[in-house]
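Participant: Letter by letter, the chains look like this.
Number of protein chains: 2
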Amino acid sequence: MPDLQDLTRKLNTNNGSKIVLLVADGLGGLPLTPDGLTELETAKTPNLDALAKRGTLGLSTPVLPGITPGSGPGHLGLFGYDPLEYQIGRGVLEALGIDFELGPNDVAIRGNFCTIDANGNISDRRAGRLSSDIAKKLCEKLHAGIKIPGVEVFVQHVKEYRLVIVLRAEGLGGEIEDTDPQKTGVPPLDPVAKNPGSQRTAELLKEFIKQAAVILKDDAPANLLTMRGIDKKPPIPTFEEVYGMKAGAIAVYPMYRGLARLVSMNVLDAGQTLSDQMDRLEQSWKDFDFFFVHFKYTDSTGEDGNFAEKVKRIEELDAAIPRITALKPDVLIVTGDHSTPSKMKSHSWHPVPVLLSAEERCRPDLCDKFGERDCLRGGLGQFPAKYLMGFAMAHAGRLDKFGA
Amino acid sequence: MPDLQDLTRKLNTNNGSKIVLLVADGLGGLPLTPDGLTELETAKTPNLDALAKRGTLGLSTPVLPGITPGSGPGHLGLFGYDPLEYQIGRGVLEALGIDFELGPNDVAIRGNFCTIDANGNISDRRAGRLSSDIAKKLCEKLHAGIKIPGVEVFVQHVKEYRLVIVLRAEGLGGEIEDTDPQKTGVPPLDPVAKNPGSQRTAELLKEFIKQAAVILKDDAPANLLTMRGIDKKPPIPTFEEVYGMKAGAIAVYPMYRGLARLVSMNVLDAGQTLSDQMDRLEQSWKDFDFFFVHFKYTDSTGEDGNFAEKVKRIEELDAAIPRITALKPDVLIVTGDHSTPSKMKSHSWHPVPVLLSAEERCRPDLCDKFGERDCLRGGLGQFPAKYLMGFAMAHAGRLDKFGA
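Here the protein sequences line up with chains A and V, keeping their order.
If you want the working numbering, it's the position in the first sequence, counting the first as 1, plus 814.
If you want the working numbering, it's the position in the second sequence, counting the first as 1, plus 814.
The following block holds chain A by itself, in its conformation from the complex (with noise of 0.2 Å):
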């Protein structure tokens, strides 16, 4: 049965309209009482609710009802990619989350430094309070002293005590199993295929942790690593050949950019802060289609449960809002990638309240105010993410008729 991105690949037609799509992550929230507002509610947003009220307001559902999604899946929906078809590896994450460039032949592994005691046996799964500052030379070491024969071997440091491994090779599986343990008092696991396809790269790994083992052996408490999350980037179409849009990418932080570069977008760069991103957008305007801007602090406020900063954070989007509607998208969506009420101080299931601009083709719903109640009654509905690239095509002109 073909899905929306079958009839995107189709149907879409490049009038040089223009959409942006302004992320506010895990914008949704909750009320600390049950009487009371939620921080979009609470935020003073005049032109977020200008926009709402010319606009069509809606809910949308990351991933499937009462599932609380990670960022990798948060977007993928966004961006119109299945979260369910398109599962993204840890380790995966973690390189993008470095800004790492990925390729088709890679396999990226997240790695912990662990301690080993005379028997080999582990003793401390995190290294002790490793510094980052020790652990990224330790990780500069390994980089410039693994060797192996037909690979290219990246050793790349995360924080503290996790790093990133990529083997970057031909015809490598990525099937393999963690070798950590999950406990204190047993040696690392070797690395095991789950498939004959991935048995090569098993055998890599264990010569790159043989190898490791020499070059780490006077640098306890980090004298080994455990491998977690092995996986290679799953083969994914890109943006513009599902939509026919050049997209270029905003985002501050590491782990957005790499969600972007998955489906190829074009990743700019965005300084940092909300200003940078915006002298960024401005500077850009004439060479995309499609424009994807990422504001991290309305979830960071939300994980740390302070509800009266993610208010702020909100108002703070909201005073930028006239900077993007000055360039005169032809479509312009606020929304986020998931929820994350302050009150929970985590990402949650609850939908995700989405507004659309369009001058044009907007069906009045009678909101004029952005909120998640005020979504509730939108003209969207509620959706899965998934679906909203086809409202962001369809308002912007961007798809002809199905059929005939």
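Since the hints were made in silico from the structure, they are not lab data.
Fair warning: there could be bad hints in the mix.
For chains that are exact copies, the list does not tell them apart, and a pair is met inside one copy or across any two.
[To be verified] Below, computed lysine-lysine pairings styled on BS3-like, alpha-carbon distance capped at 27 Å:
hint, residue 1, residue 2
1, Lys867, Lys1024
2, Lys824, Lys1008
3, Lys1215, Lys1157
4, Lys1157, Lys961
5, Lys1183, Lys867
6, Lys1024, Lys1157
7, Lys1008, Lys1157
Given the coordinates of chain A, work out where chain V should sit on it, guided by the hints.
Facilitator: Below, chain V alone, put in the same frame as chain A:
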């Protein structure tokens, strides 16, 4: 593509929370006049309304839009099993409905006593106004009399001319055509296998009918029987395996105990009244994570076309709510398996009111009353019933994040 059960299987986590699913059979209704209220909207339900005010409402579609479900598909949907994927034969439902414990090697058959004339043709497909008393004795006679080597044979009475036959032996196929020709003046059809794997079963059923003809030869008008809905219980994952919860079922009527048994819930002694059921709930509170409590009379009064009585039964249910909330379930859901508008005197396709109450995690939706029109504006939206378990587990904090 993974479905919700694939996700709950992987993501479920046991935080010790408790969920109560209170099913008021056939809950949804219709007004008697276009400007009137439904049964649920008419009923005085202060307890349900208080839950609605703090909780979240919605409407569920049991199977697909416009499809009126029987009790089987209705309940499977509520338990999170796609009723289109798990289709249960009539023989199996009939056996479940008399509390027969079907195993994986059992072929279940719905039997009808009939009258055969001197030429071997059916003269009455339901054996006249056969009383249950007589039919019951005939079933006992068949059960005792029929001997087929290598096969355990069960014959149990249901009601009037209806009975259940079960053949138990390893390796029996269950796909056999009905023997009821659906008209009189012709002989019963032979049991015909629909595939080679059911050939032996067809032979066994021929032998069963041959012996039954001898045993019943002097019992006119019930001097033979026809067979319908021949089927085995389909392989179906257990509720505990899918959700990681121990489930207790508290249902007065055998059909609903049977449906709970189908997904391997623990079927508890429910007594005869709603008050007995509440006693059982209190007594079993420590023993289970999930409780399915079934209330029949909202459906039977609807089937009778008795609007006023259905309203009273809803009020009776409302009065029991404080005994449930006193137990402090983390999630309490009140809903139906389908609608049974008394105006229609039958099940209907109309979406089913859903009330989900969870003190800490419900997003407010401005609804403060439990009724069909309120549910239409509820935060859960309109959703397939098979996703209800996702909402239940999420609000109970029993699902980990999907993807990083």
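Participant: Now look at each hint and say whether the structure bears it out.
Facilitator: Evaluation of the provided hints:
In this assembly of identical chains, Lys867 and Lys1024 lie within 27 Å of each other by CA distance neither inside one copy nor across copies; the values are 63 Å within and 62 Å between. Within a single copy, Lys824 and Lys1008 get their C-alpha atoms only as close as 37 Å, which misses the 27 Å cut-off; across copies the closest is 19 Å, which meets it. For a Cα distance limit of 27 Å, the shortest separation of Lys1215 from Lys1157 across copies, 17 Å, qualifies, whereas the shortest one inside one copy, 45 Å, does not. In this homomeric assembly, Lys1157 and Lys961 never come within 27 Å of each other (Cα to Cα): the closest approach is 49 Å inside a single copy and 67 Å across copies.
For the homomeric pair Lys1183 and Lys867, the shortest alpha-carbon distances inside one copy (6 Å) and between copies (22 Å) are both at most 27 Å. In this homomeric assembly, Lys1024 and Lys1157 never come within 27 Å of each other (Cα to Cα): the closest approach is 46 Å inside a single copy and 70 Å across copies. Neither within a single protomer nor between protomers do Lys1008 and Lys1157 lie at most 27 Å apart by alpha-carbon distance, with minima of 41 Å and 58 Å respectively.
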